[in-house]
Structures are given as C-alpha cells and as structure tokens.
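A.B. asks: Next come the chains, spelled out residue by residue.
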Amino acid sequence: MSVLAVQDLRVGFRDGTLAVRGISLDLGHGETLGLVGESGCGKSVTSLAVMGLLARGAARTAAGIRLAGEDIARASERRMAQLRGDRIAMIFQEPMTSLNPAYTVGDQLSEVYRRHRGAGRLQARDRAADLLARVGIANPGLRLAQYPHELSGGLRQRVMIAMALMCEPDVLIADEPTTALDVTVQAQILRLLQDLQKETGLAILLITHDLGVVARMADRVSVMYAGEIVESGTAEALFGRPMHPYTRGLLDSIPVPGKLRPGDQLKAIPGTVPRITAAFRGCGFRDRCGLADRGCEDTIMPREEGPQHRYLCRLSSELQGQAS
Amino acid sequence: MSGRLTPSAKAALVIGGSVLGATVLLALLAPWIAPHDPFLQNLDQRLAPPFWAEGSLSGHPLGTDQLGRDYLSRLLYGARISLLIGAVTVILSGMIGVGLGMAGGYAGGWLDDAVMIVVTCRLSIPLILVALTVVALTGTSLVVVMLTLGLLLWERFAVVARTTTMQVRHREFIEAARLCGASLPHILLREVLPNILPHLVVVMTLELAIAILLEAALSFLGLGVPPPLPSWGLMIAEARDQMFFMPWVITIPGVALFTLVLAINILGDGLRDLVAGGHAR
Amino acid sequence: MIRFILRRLVLAFAVFLIVVTVSFLLTRLSGDLAVSIAGPNATAEDVATVRARYGFDRPLPVQFAVWFGNLLHGDLGTSYLYREPVADLLAKRLPVTLTLGAVGLVLAVLVGVPLGIAAAVANGSVWDRLIGLVGLVGQAMPSFWLALLMMIWVGVYWQLLPISGLDDWQGYVMPGIVLAASSVPVLMRLTRAGMVEALASDYVRTARAKGLSWASVLLKHALRNAAMPVVTVAAVQFGFMLGGSVVIESIFALHGMGFLAWEAISKGDFAVVQAVVLLLATIFILLTLIADLLNALIDPRLRIA
Numbered sequence: 006m007s008v009l010a011v012q013d014l015r016v017g018f019r020d021g022t023l024a025v026r027g028i029s030l031d032l033g034h035g036e037t038l039g040l041v042g043e044s045g046c047g048k049s050v051t052s053l054a055v056m057g058l059l060a061r062g063a064a065r066t067a068a069g070i071r072l073a074g075e076d077i078a079r080a081s082e083r084r085m086a087q088l089r090g091d092r093i094a095m096i097f098q099e100p101m102t103s104l105n106p107a108y109t110v111g112d113q114l115s116e117v118y119r120r121h122r123g124a125g126r127l128q129a130r131d132r133a134a135d136l137l138a139r140v141g142i143a144n145p146g147l148r149l150a151q152y153p154h155e156l157s158g159g160l161r162q163r164v165m166i167a168m169a170l171m172c173e174p175d176v177l178i179a180d181e182p183t184t185a186l187d188v189t190v191q192a193q194i195l196r197l198l199q200d201l202q203k204e205t206g207l208a209i210l211l212i213t214h215d216l217g218v219v220a221r222m223a224d225r226v227s228v229m230y231a232g233e234i235v236e237s238g239t240a241e242a243l244f245g246r247p248m249h250p251y252t253r254g255l256l257d258s259i260p261v262p263g264k265l266r267p268g269d270q271l272k273a274i275p276g277t278v279p280r281i282t283a284a285f286r287g288c289g290f291r292d293r294c295g296l297a298d299r300g301c302e303d304t305i306m307p308r309e310e311g312p313q314h315r316y317l318c319r320l321s322s323e324l325q326g327q328a329s
Numbered sequence: 002m003s004g005r006l007t008p009s010a011k012a013a014l015v016i017g018g019s020v021l022g023a024t025v026l027l028a029l030l031a032p033w034i035a036p037h038d039p040f041l042q043n044l045d046q047r048l049a050p051p052f053w054a055e056g057s058l059s060g061h062p063l064g065t066d067q068l069g070r071d072y073l074s075r076l077l078y079g080a081r082i083s084l085l086i087g088a089v090t091v092i093l094s095g096m097i098g099v100g101l102g103m104a105g106g107y108a109g110g111w112l113d114d115a116v117m118i119v120v121t122c123r124l125s126i127p128l129i130l131v132a133l134t135v136v137a138l139t140g141t142s143l144v145v146v147m148l149t150l151g152l153l154l155w156e157r158f159a160v161v162a163r164t165t166t167m168q169v170r171h172r173e174f175i176e177a178a179r180l181c182g183a184s185l186p187h188i189l190l191r192e193v194l195p196n197i198l199p200h201l202v203v204v205m206t207l208e209l210a211i212a213i214l215l216e217a218a219l220s221f222l223g224l225g226v227p228p229p230l231p232s233w234g235l236m237i238a239e240a241r242d243q244m245f246f247m248p249w250v251i252t253i254p255g256v257a258l259f260t261l262v263l264a265i266n267i268l269g270d271g272l273r274d275l276v277a278g279g280h281a282r
Numbered sequence: 115m116i117r118f119i120l121r122r123l124v125l126a127f128a129v130f131l132i133v134v135t136v137s138f139l140l141t142r143l144s145g146d147l148a149v150s151i152a153g154p155n156a157t158a159e160d161v162a163t164v165r166a167r168y169g170f171d172r173p174l175p176v177q178f179a180v181w182f183g184n185l186l187h188g189d190l191g192t193s194y195l196y197r198e199p200v201a202d203l204l205a206k207r208l209p210v211t212l213t214l215g216a217v218g219l220v221l222a223v224l225v226g227v228p229l230g231i232a233a234a235v236a237n238g239s240v241w242d243r244l245i246g247l248v249g250l251v252g253q254a255m256p257s258f259w260l261a262l263l264m265m266i267w268v269g270v271y272w273q274l275l276p277i278s279g280l281d282d283w284q285g286y287v288m289p290g291i292v293l294a295a296s297s298v299p300v301l302m303r304l305t306r307a308g309m310v311e312a313l314a315s316d317y318v319r320t321a322r323a324k325g326l327s328w329a330s331v332l333l334k335h336a337l338r339n340a341a342m343p344v345v346t347v348a349a350v351q352f353g354f355m356l357g358g359s360v361v362i363e364s365i366f367a368l369h370g371m372g373f374l375a376w377e378a379i380s381k382g383d384f385a386v387v388q389a390v391v392l393l394l395a396t397i398f399i400l401l402t403l404i405a406d407l408l409n410a411l412i413d414p415r416l417r418i419a
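Residue numbers (the working numbering), protein chains in the order written: chain A, 6 to 329; chain B, 2 to 282; chain C, 115 to 419.
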C-alpha cells in the first residue's frame, strides 16, 4: 500500500511554460524512490507541487495526490499546513540558507513539534534534543542553543533532517540533500537517511541529478525529462537495462572507476532542456537524441520492458534488439 | 535596457518627466505668460477668490493675495525660485558629496573611515535647526538659502558615491587604466564617474525634491527667501492669517509645491528602475 | 560582542567631539554674535560691552576651551532672553518634544511597517502599486502645509482635535500625525524591500514546509530578518522628528524644545540655539548607537563581528 500516490500531476507557469506534464509517482512504506534528471527538468517543481509550496504564478492540477489515503490535491491551505511538517516533510539543497539565521537551532526544531503536537516548550525541547542525538549530533544540549551560522554545512543538513523528522512523518521529500556538501559528508548524510528509514519505515522521495546517489539509495527510479517521466522501474532494471536514450545518456555521462582510461572523454548529452508550452507534441528529448526522426514529433505511447519498467520512446526497443 | 523596463516604470518616467518639464517651461516663460507683475500691489483688489469661487475677478484666475497681487503670476514666478534653489543646491551638494564619497570609496583605509565619520556627523546635526540658525545669522537672501542647503544636503550623495565607487574600483577597466599610467584625476573623472553616474542621477532627483521642500519650509518660517519674492513657502506663510476663512490661499501654493515634488519623486522612482534594469518596482 | 560594542562606542565618541566643535563654531563663525545680541538699536559702545561680557573678544580657542569646560560641568550658558540657565530651560521643554517625537514614531511604525508588509505580500499586484502611491504622496507632502490643512479641516471645520496648545493628550495627535507622515514612506519602503527579500528566501520556504501558520511565517520568520534596517532607520527617523519639531511646534504652538529653539533663533538667543543643536545631535548619536546594539540582539551573526 502506497503512502504517497501522485496521479497525472501538471504544473504550468504564468508565462505559458509547462514545467510538469502529467507525471505519476508511487511511493510505498519504507521505500525510496529516486527522481532523477538534469536541472530544469521539473524535479524541484514536482516536489514543491506535492508539498503545495509553489510560488505565485505557478498553477497545479492533478487527478489525485494521496497522502496516506487522504487526497490532498484539493485540500485547503489550512489542511496542507497541518500536514506539512507533520505527515510529509521536506529537506532542501542549501543547508546554509535553509535555516533561519535569526533563531537558535533549538527554537527552529521545537516550533515544528509545538505547532503539530501542541507540545509545551520543555517537552518540545526534549524532543528536539532526542532528534539531534538520533541524527548523530554529539552534545545536543549545546547545539540547541546555537545559531545556524555557528554550525558547519554537514551539521546544518543534519539539523534539517532532524527538523523534518520531529513529528515522524510518513513521507520525506529530499531535494538534492547532499549536493551542496563535501563528498565525505555526503556519504555520512546518505547513510544517516538509510538508517533512519530502517528504524522508522519512512518513505523517501529522493530528488537528485546524481545517479551515484540514486544507485546507492533508491529502490525504484523515475527519470524525468522536460516535465515528463521518460523511464521508470526498479533500480536494478533501470540501471541494468536502460531503455530511454536520455537514461542511457545520463548513465554514459558518469565516470565509472576502472573503465575510464586516461585520455577518454566522458560522453555528455549535447544541448539543454527545452522550454515546453501547451502546443508541444511528441518527445521532448528529440532535439538532443541521436535516434530521433520525424515520427518522434507525434505523441509517444508508453511501453513496457518487464513488470514495472516503463519508458517513453518509440525507437529504443528496436535499437536494443539490434544491439543484443 | 529600456526594452526590459516594466510598464509602471515607463509610466513613472513619462508622468514625472512631463510634469517636471512643464514646470520648468512655465518657470522659464513666466515673464511672458504671467498675466500680471507678481510684485504689483493693488489694495483695492485684495484677496479676490479664484475662478471657481463666487466673486472672482476676471483677469485674476487664481485670485489675489492680501496685498492684491495676482496669485497666478506669483505662483509662476515662485516656480522659478523653487527650481533655481533646488538646482543650485543639488549642484553644490552633489559636488561636495560625490567628491567625498569617491575619495573615500576609491582610497579606502583611513580616508574612508574619515569620510564615514564626517557623514555620520552631518547626519547627527539637526538639519532644519542649523539651516535656520545660519540663515538667521547671515541674513535672509536667495544666495544664503542656496549656499546653506548646498552645504548641508550632501550626505546621500556621499554615501551612494562611496558605495558605487567601491563596487567599480576593482573592475578590469579601472585596473587597466591604472596600469596604463593614467593619473588619479583621470581615473576618477573619466573611468569611475561615468560608471557611477546613473546612481547619482537618482540621488539628484531625490535631493532636488528635498531641497525644494526645505526651501519652502525655511521661507514659511520666515528664514528663507525674503519678501516680496514669491516663494511658495512664503506665500503660504503670508496667507496663513486668512486660511480659516479662505482655504484656497494656502491650498493653491501648497498644491503647486506638492505636485512638483511628487513629480520629481515619481521621476526618481522611474530612473531608479531604469538604473536597476527594470527589475525592481 | 565586546569588540563590536567598543568599536561603536569609540566611533560615537569621535562623532560627538566633532559635533560639539561644530555646534560651537556654528554660532561663532556665521556672524557677529555681539551685534545680534545687542540688538538693532545698539551703539558701538553697547556692542563692545556685550562682546566683553560674553567673552567674544577673546581668541576663539580660548572661548572654545571655556565653553567646553562649562559644558563638561553641565553648564550650557545662560539664556539672555529668559535670564535662566539654558540647562534648566531645556529640562523643562525637552519632555514635550520627546513625547511628540514618540507619538510621531509610534504612529509612523504602526502605519509604515504593516503597509510595507502588505505591499511585500502583494508584491507586484494592484495593492502593491496602491500602497506605493500612498508612499509617494506622503513623501511629497510638505509637512508645514499638511499641518495647516489639518488645522483647517480636522481642527476648525470638523472640530475633531484642538488646533494648538497642549491642554491634554489630544494636543499631541495632530502634530504627531504630521511628524509621522514624512516617516511613513521611508519605513514602508524599507519594510517592503526587506520583506520581499525575506519572503523569497530559503528559510521562509523551510518555515512553510514545516507547516507553520501564515502569521508565524510572516511575522516570526520573515519580519525578524527584515527588521534590522527598519530598526536603524526608525531610530534615525526619530532623530529627524525631534529636529523637525522646530517647524511643527512653532505651527501648533507646543511649548517644547523646538518652539524654544525657534524663538531663540528669531530673537538671537544663541546660547540656547547652540545647546539645542548639541542636545539633538547627542540624542541622535545615542539613538543610532542603541539601534546598532538592538540589531546585534536581532541578528546573532552581528554579535561575533
């Protein structure tokens, strides 16, 4: 049974750009779903749309967004505020700026618990200290009284995680949680998320452009391009048998230790994500794709490659067939 | 740059600019378009009401003052005084402020500290009080008012010139000029100044408005432009005794003053948007 | 924190010393005081007597030393108009002006800050423009003219408030509004700019992701960070209001320090003028000092610097 089910989510901006074009996601208890793509492909807009945090000038429609059975697609702002931070929480890319510089760590942690649990000051503070300890921060008592600028980037991201988990949410949306951190700290934070998931059964929607992170963390993966999910499947299937040319391009553009010889060039995908408006038909990737022909300008029907492995490309299977 | 300008910024430039331009034109043409001599008293026709009120006199569309002088003519000549004092004040204070600000911003170090202390001192000193005192001690005249205001209203120029100079100081073209052996005055006047000028123009409009308001306030208190010159502030002061019975005696010059200052401020807002590239409102 | 305070104190003291010198020079350099004090009908002999009595015949540095020495003892000289020590006069008049300034500041903050917040929330909309227009109007309004208009309509035609004097608290309302009118646009614009920036920040997004109420997001998380420049400028505006009391008090006939200064200037009582200038400047220096310390309380990052 899924804790978060998004059906046919669409987001458009006032200038006519369609940032998200009918995507569906499904996230089960204790599961991690990786949402992968380049910057500008609509990942972050998707996460903000699910949270109901889109900026003014962006409009959202969806057939349904079910959070633990409740449809929040049409929930009031008041109801959304009750759910955010309580049942569904989010951490962001920039731990440096995501904490309020004017309040102590303790204050910012406690207020979530006080807001959603109606807890008193002391109770919330104890809870905050517990959570800091659980995210691996030594000496929580000291940290509670400190201000964000007194902490390192890794510590701040731990604080953000602790803050997100204050009310034991069902779903955690992690938007590029390690991108801004040092490599060693990245590993620590990812390990922490895995441990916490094991303890609490948290469902994680992990949004990243880093396939390495996804390979390490995700049970299932959805690859997003130009506002659509172009390929989705279990991590095993998707990495083992990538079907969409874009997925392959992404995989080819990561250096694999041992396989790369000095002098070899990493393959980069040429071009950038296009701006899509309502008049657009066909495959969003065709301008950057080596296989594309005139047929790619028509609407593309989804295809399946084994159970739960779907992709949006009309040419790929033939190519795959020829290759094998 | 203008392509990215928001419609409201464009409107601000057009509206503010045209009202200010019209006022300048009226002021320049005052001797030719004023219906009467603004100093000519006619004690038989004192306090005639303006055209919309009952009992108005033909030939005096805005009525007459307590000495029978034509209000419209005095208003037109008053625009000359406001604009003249405003312009001279801005030029004088601009030279002082920009000089100080550029020196501090370009040199940095102790000179910059000194400039900031001087600016803080100037801000600490109560503006109107000091202006009133100086005018009281040296005598009321047009020149005294211009000099006093010019010597007092430079701090915003200094602050903005300093900040913007600091921003361009290390840009490549300045470094290049320095490496080519350009003299310090050359660098400051030919390289730095043109680059900070747009910001200074915005300050100019702001200070122009403030100078005009201050002149009116000083004249209103009797320590500004001396009678019988038709300063708007002085007109309001002279008409004060009648204001409860005939409010138009103070509303007419007041509206003129308010409109001119409003137009200058609107123009300033538009210019600020132009300088910012049309991003901010 | 200690270093920050020390630096600010040293700076404030340096500014104070310069201001003391300037307020001394102000009256000595811009004209012959003895002539002013002796009056228009005085003979050359009278002027000489005055000059000797007030010590104007001595070298300027000596005059300054004597004046400064007296100042340190709290002796600001004697008003020749009131025949009373200037310090006593100021002590009597200052409360009126401070009350007036406080009324003006409170009104300006109560109007300007909420308008600024509203404009920031409505950023770019019709409401934002409308509020901006209110600011422009306030900025362009000559305060002495606004005072007269209010006296005519609010005071005489509608009889809502007294037009002059200080029989009770109502006497403070109209002058307070006039003083506030010129500060509202400044506070409003600053609040708006700070709030627009804060509302677009990552920490406000975090606060919303935490499910906090809109009031808490706006007033706790955004406003606190937008408040710093507002606090500084509010202090500066309070200083300006005390200075502006010269105009307002003379129009509304409130017998505060501004009125005293106005009388002293027009009658040539320069010991009083000097003292008022000095006092206002000192208050201003203290205000900005307090504002900086308040900011250190608001923003913890400043405390280390």
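No lab work stands behind these hints, which were simulated from the structure alone.
Don't take every hint at face value.
[Stated by the list, open to error] Derived DEER-like restraints, expressed as beta-carbon distance ranges:
1) Leu195(C) x His187(B): 38 to 46 angstroms
2) Pro8(B) x Asp257(A): 41 to 49 angstroms
3) Thr164(B) x Trp241(C): 30 to 38 angstroms
4) Thr164(B) x Leu411(C): 22 to 30 angstroms
[As the list claims (entries may be wrong)] Chain B regions said to be covered by chain C (calculated; three or more residues, Cβ under 8 angstroms):
5) 49 to 62
6) 122 to 128
7) 131 to 142
8) 175 to 185
9) 210 to 219
In this text the structure is predicted, and so the values were computed from the model without any measurement.
Cβ atoms here follow ideal geometry from the backbone N, Cα and C, with glycine treated the same way.
A.B. asks: Each hint should be assessed against the structure and marked as holding or not.
C.D. replies: Hint by hint, here is what the structure shows:
1. Leu195(C) x His187(B): 38 to 46 angstroms: 55 angstroms Cβ-Cβ, so the 38 to 46 angstroms window is violated.
2. Pro8(B) x Asp257(A): 41 to 49 angstroms: holds (48 angstroms)
3. Thr164(B) x Trp241(C): 30 to 38 angstroms: Check passed, 31 angstroms falls within 30 to 38 angstroms.
4. Thr164(B) x Leu411(C): 22 to 30 angstroms: holds (26 angstroms)
5. 49 to 62: Check failed, 0 qualifying residues.
6. 122 to 128: As far as the stretch 122 to 128 of chain B goes, the hint holds, because 6 residues have Cβ atoms under 8 angstroms from chain C.
7. 131 to 142: n = 7 at 8 angstroms, threshold three: holds.
8. 175 to 185: Three-residue rule not met by the stretch 175 to 185 of chain B, so violated; n is 0.
9. 210 to 219: holds (count 4)
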